[in-house]
Every structure is written in C-alpha cells, then in structure tokens.
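Asker: Residues per chain are reported as follows:
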Amino acid sequence: MKWDEFFVTGEPMIYGAMVSIVLVSIAILVGLTYFKKWGYLWREWLTTVDHKRIGVMYILSALIMLFRGGVDALLMRTQLAVPESGFLDSQHYNEIFTTHGVIMILFMAMPFVIGLMNVVVPLQIGARDVAFPRLNAVSFWLFFAGAMLFNISFVIGGSPDAGWSAYFPLASLEFSPTVGNNFYSLALQISGIGTLMTGVNFIVTILKMRAPGMKLMRMPMFTWSVLITNVIILFAFPVLTVALALMMFDRVFGSQFFTMANGGMDMLWANLFWVWGHPEVYIVILPAFGIFSDIISTFSKKNLYGYKSMVFSMVIISLLSFLVWAHHFYTMGAGAMVNGFFSITTMLIAVPTGVKIFNWLFTLRKGKITFTSPMLYAMAFIPIFTFGGVTGVMLAMASADYQYHNTMFLVAHFHYVLIPGTVFGVLAGLHYWFPKIFGFRLNERRAKTAFWLIVVGFNVAFMPLFFLGLQGMTRRMYTYSADTGFGPLNMIATIGAFVLAIGFVVLCYNFYYSFRHSPRDEHGDPWDARTLEWSIPSPVPVYNFAKVPHVESQDAFWHAKKHNVPLFKEGPYEEIHMPSNSGQPFILGVIMFFAGFFLVFSWFIPALIAGIGVVIMLAVRSFERDHGYHISAKEIAATEQKLRGDSV
Amino acid sequence: MKINDALPLEYRTEENSNKIFGFWLFLGAEIVLFSTLFAVYLVLWNRTGSGPTGKDLFEINGVIWETVLLLTSSFTCGLGIHAMRLGLKKPMMIFFGITLLMGLGFLGIEITEFVNYVHEGATLQTSAFLSSLFVLLGTHGLHVTMGFLWGAGILIQIKRQGFTDETTNKSFIFSLYWHFLDVVWIFIFSFVYLKGLM
Ligand code: HEM
Ligand SMILES: [Cu+2]
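Protein chains in written order, with this note's numbering: chain R, 118 to 765; chain W, 40 to 237.
Honestly, I wouldn't trust all of these hints.
[To be verified] Computed footprint of chain R on chain W; a stretch qualifies when at least three of its residues, placed anywhere within it, have a C-beta under 8 Å from a C-beta of chain R:
| no. | stretch |
| --- | --- |
| 1 | 55 to 66 |
| 2 | 69 to 75 |
| 3 | 115 to 126 |
| 4 | 142 to 152 |
| 5 | 214 to 221 |
Think of the hints as simulated: they come from the structure by calculation, not from any bench.
Quick reminder that beta carbons are idealized off the backbone N, C-alpha and C, glycines included.
With the sequences and hints as input, model every part of the structure.
Answerer: So this is what it looks like as structure tokens:
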C-alpha cells in the first residue's frame, strides 16, 4: 500500500484537519509534561474504576463528539444553503452525512446517556458502586477505542460513505471500495461490545444493589428508565454484533452474505440493521424521558403524576420497539400485509408515549413551577417532541410514506424527535446534576441564553425541512438546481443551524465561566430536590454513602425532609470496602483499538497478534488476586465532617 | 461483606451472587446472538448459488462424534461441580480435565471437517449458504475454544488455591457457559445437520 492511499489526500480541509490534530496532540503532550500531570492523569482518571469519574469521562467524550458531529452538520448545511454550491463535492458530502449520523447517535447521544446514568444511578438507588466497577471501566475504554477508531478514518484511509444505515449493496466492497466501511464495522463493533457490558452491569446494579426499603415501585423515574433501557441494550446489541460481523466478513474476507450474486441477500442487512436500529432510538430516548420526569416533578414541587402508568408505558414502548423495524423500508418491496403489520405496530407506540406526555402535563398542573435551566429544556421538550411524534405517525402510514420516503420531511422528523428528546434531555440532565458532580451550579443567566439560542435555532433549522420534503427535496442530495425553488428555505435552515451552533458555544463557555465564578455548593441540595442523590454532599466522596440510607417511600429524600424522619441510621461509621484502580481496562482498550485498526487494512498478522494480546489480558485478569482496599471508619468520619460539618 | 453460610460456596458473598446473576444476563445476550445467526442461516440455507448444498457436504459420522463428545463433556462438567460442592478437589479436577479434553476432541473433529469442506471447494467465499454455515459453526467453535482456555485457567487456579469463594464461583460460572454451548450445539445438530441431510 502506498502512503497516499493510507492518508487521505487532495482535500485542503482534510490537510487542515491533519495539521490541527497533530498540533492539538502535541500541545496536549507538551502540556501534560510541562505541568507534570502524567501521574495525575494516570492515577486519577485513566485507571479509575469510580463510576462517577467514568461517567464524567463519558460525558466529556460525548461533548467532544457533539462538536465533531456538529461541524459535520454545519458543513452540510453550508453546502445546501444555496443552489449549485461547490463547497463540497458529492463524495465528501456522502462521507460527512454518514459520519454525522453515526457520531451523533452512537458516539454522542448514547455515551452521553450512559455517562449520566453512570454518575447518577448508583446515587439514586443508595448504592456504593455499580455491580462490576472494573467491567464498567472496560466498557468505557472500549467505547472510547471505538470512537477514536471511527474518527481517524477521516484522515487515514477515508471515511465511510454509505449512510449511517450502511445499506448493501452500497456498502459492499464493490460500490464502496475505500476502507471507510471497514472502519464503520470495526469501530461500531468494539464500542458496541462495551455497551453490551454496560447493559449487564446496570441491570445487576439496579436489581441487586438498591438500598434497603427501595422497592422497584419506589425507584426514581430516571433509574426506571435506565433499567428498561439496559434491558433493550441486552437484547438489541447482539443483533448489531452479528450484523457488523457479517459486514466485516463480506468486506474483509470476501464472504457472500449481502452480495448480489452467489445467493447473497442485500435485504438481510436492512432487516438486521433495523432490528437493532429501531430499539437503538429508544435506548437514547427513554433515559431522557426519565430525566424529564425527575426534573419536572422536582421543579413543580409535586409527586410525578401517574407513576405506575409511566413505568408501564415504558415497558410497553420497549416491547413494541422490537416490532416496528420494517417501517424503515416500506418502499423496498415487502407486501401489503407486512407493511400493514409494521404500520400498525408503529402507530401503537404513540399510545404509551401519549400517556407519558399527559402525565407530565398533569404533574405541571397546579405545581409551584420554578423555571430553572433544566426545567426550561423540559418545558421546551414537550411541545416540540409532540410535534415530532405527530409527524412520525404521518410517516408510519405505509401508503403515505411512498410520498415522503427519504425526503427532507424524514430528516426533519427524526431531528424533531432526537434533538428535543435526546439532546435536550441530556442537556437538562447535565445542568441538573452538574452541581452534584462538580460541587457548583452552572451560571443560570448564561445557561438561559444558550437555551434560547438552541431552541430558536433548532426550530429555524428544521421547520423548513418539512416543507422542503413535501416539495420533493430528497434526503442525502448534495446539491440542487435553482429552478427547484429549494433555495430560500434552505438558506433559512442554514441560518438556523448556525444560531443553534452559537447556542452550543455559549453552553460550553458557561462551563468555563461557572468554574471561575459560581459560588461553591455547601449543602449538596441546591434545587431542594427529591431523590437520594441530593442527600449526600457534592462533589460526592468516593464511597458515595457514608451510611446506607433507609428508604420508606417514593422520592425518599423529599419524604425525609418533609416528615422530618432520618434517612440514615444513627451510630458510628463502619469501614467501607472499595475496588482498587486498574490500568488493565485502558490497556485493553488500546489493544482493541489496534486490533480494529489492523483489520481495517486487512493486515492479518498484526491483527492476530493484537487478538492474542486480548486473550492474554483476559488471562491476566483471571489470575490476578486483588481484593481492593478498605476505607477506615475514622477516615470516613473525617471526610464527612469536612463535607457536611457533621459531628460523630 | 455479607456471607450466607446456608448457600453453596460459589454463591455465598454478595459479589459472587451478583456475578452469577450477571452471567445469566450475559447468556441472555448470547441467546440473542446465536438466534440471530440461526435466523441468518435459515434465510440463506438454500441460497447455494453455484456451490454445493448441505446434502452434498455433510457427513453424519463426524457430526455424531462431535455430538457425543460435547454432550458427555457437559455431563462430566456437571459431575465436576457436584464434586466441588462436596469439597472433593481431586475428583473435581479430574472431571473438569476430562471435560476440557473432550472439548478439545470436539474442536479437532470440527477443524478436520472444515478442512475437508475447503478441499471439496466449499469455502466461506463460495456462496451465501456456505458463508452463513461457516460463520455459525465458527462462532460456536470459537466459543468452545475460549471455553477451553478459560477452563484451563480455572483448573490451574484450583490446583494452586483450592476451593475459595473465588475459584468455586468461577468454576460454577464456567459450567453454565459450557452447558450453554452444549444447548447451542443441539440446535446446530438439528437445524443444520439433520435438516441438511434430510
Ligand atoms: C446540531 C444540529 C444538527 C444539524 C444542523 C443537523 C443537520 C443534518 C443534516 C443537514 C443532515 C443530512 C441531510 C441529508 O442530506 O440527508 C443530517 C442527517 C442526520 N442527522 Fe443531523 N443535524 C443535527 C443534529 C443531529 C443530532 C443531535 C442527531 C442525533 C442524535 C442527528 C442525527 C442525524 C442522522 C442519524 C442523520 C442521517 C444520516 C444519514 O443520512 O445517514 N443530527 N443532519
Ligand atoms: Cu424505527
């Protein structure tokens, strides 16, 4: 292989990216050395098994990926702003909408959600840790390895270009001859394995490690949503594992699963992909529902209306999510019966979703509402998401879908559910739990400025796309001629996208601003909130709960505050057992990264060596005898004293 | 650490029972994984292109031996766990050793079979049917290989450390995994070989 095949060449933008990647990397390395932070980084972060820190690393990576995916989006919108634009060529446009979709869903939305659940869930259920702390670190590093592998495709080898759904035969070696889709299959595979392990870990954590008295029907709604999400992960991700493996076999080893000759079947890919892909959208949206539920009840100072129906509707949604996948390809020649079935199951999902919307509205009714920044996101979510949902029902009608299938109408619809649902959800969660993680609140004024820019920008960016779609502008079209008349609406959409982007910049600036200026939090409960995580100091000490809480009702902390009952038993502290840090998960991530990288380029010998490395790492883990360490009662007493001013 | 003496050693600590529960969940994911592979196989099994069909290829002898070996190994694995519960270290190790050797025998036959197929011109690249056959069998075979390495590691640990709550927990989880591979094989036997030969 020649060097100019290995590195992507011939694009000024990509040279720019290469230079900036090298410069940023050097800057980081020099900075770490200069400030002598290598040891700190290794001891406190890279080897950590603390679920809170792992959560922070997930969120940080997700924010970086939001930036990457956002730049892709802006490039696309810039290209589409005017007719006959020559800003990007068709191949480049293909690559960018592909990486945008993949990154936003798999490397931004999902890790963001997983990050929040890492930080919050053990705290909400009164647990000291997740069930398998080491495995949790492995999950993170596999996700990270996958994300890095996917991102370097931009400068090395070439990005995937067959869309985020990578339909065959388009994604086959024949029609997509660069290594781009090899990156797709391997990067998603590696991070997907990590996600599956997260699924196992959190189901065990939630089912087996709740504080005494916290029955299932007393769990906070966010924890419920995470439990159900992880059950979906457990059943959906193995399908992706298989689909990606078959894709890799077809592309790297020449097998015939999805080919056009020798018995291969391209529709098999579409089915496998969406059997995973549809539940995947619920994996990123259900936790957001949980976040909104907690936030709405906190800031209305009321119990959540219809708790049981909330849980029940999430269970129904999770079951239905596995029965609707074919609505993604009504037009690909399935019969009327099949389309009819999937049309009905799809529309059925609107029922439990509607139940949830009414529950939120009834929670707000007569509540003492405070409009904090998390609450603003929740309030904006309700109408916008409802609108997105209604357009979804329009798409669900198989016969009507022949009209707007694969047009901008669809693009508008899914952004209208994904952005208010997932993105507003995680941003609301981030603003809400930020003081718990870092010990100070984000500045409200700046948060609200960012919020308004984001909400207004979002609607200006995506509302026009509905009309463009109905006028016949197709999806994934890299340019159009002036006499289509698509120009003006596209221009408006592009302006909206830039307003939205400015909103994100303000949001990020707020981290820095608040770090400098916000007063530090003293009592750990800045919102006068309801659930257990607010009963301990912020930032939370490593061991979470000095004493295990005793739960007597839903919203246990609120109950304790209102009825003046103690949440924690009197008496002295006891020593706490903790898992020790380990470099193995990080090393495993590095090896997996290289294994994937070598396979992408079909360098089989190095790939095999890396594979053996993985087996060795597993053996090392099995033979290791590390029983963690104990924090003494005295030390706990001292820490608690410092954080809360407690006696004992 | 909470310890409940009424339970067998491998369940006693809270950590151990969580691990067993977690492994059951993992097996749930494995069931989905293999179901998907079976679904792919059943969609593609008669799409043989210009390549050979299952009838041309399969030979019942080897398959019967594979089945006997794997089923018996599952049985000896169960005996091993039984011996472990009784605290008998040596018999346990012998039963586990036999289990692993039979696993190795199974792999030997499977690999010979693959080599024969390839000699008859039936490769991964020949047709969709063969691609799905090799991937389904290969995934199972890879699981057996990993199981062999894993079991061997556990045997060494038992030899060195005896029955602790760690080693017994690992052995028990390993036995769940091994039985699971047996169950998958029964499906392969029925839906791949018997169906193909009929
Ligand atoms: C930040 C503002 C965003 C803008 C301006 C934006 C813009 C776009 C545009 C212009 C396209 C391509 C339309 C086409 O030519 O087919 C697109 C596709 C897509 N977007 Fe976004 N997007 C944004 C955020 C998001 C988010 C947050 C997600 C997911 C959580 C997302 C998921 C997707 C997906 C899955 C596709 C389809 C990619 C494909 O066709 O393969 N986007 N977006
Ligand atoms: Cu769908």
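Asker: Now, for every hint given, state plainly whether the structure supports it.
Answerer: Results of checking the hints against the structure:
1. 55 to 66: holds (count 7)
2. 69 to 75: holds (count 4)
3. 115 to 126: violated (count 0)
4. 142 to 152: With 0 residues close enough to chain R, the hint is violated.
5. 214 to 221: It is violated: at least three residues are needed, and the stretch 214 to 221 of chain W offers just 0 whose Cβ sits closer than 8 Å to chain R.
The structure fails to meet hints 3, 4, 5 from the earlier list, while all remaining hints are met.
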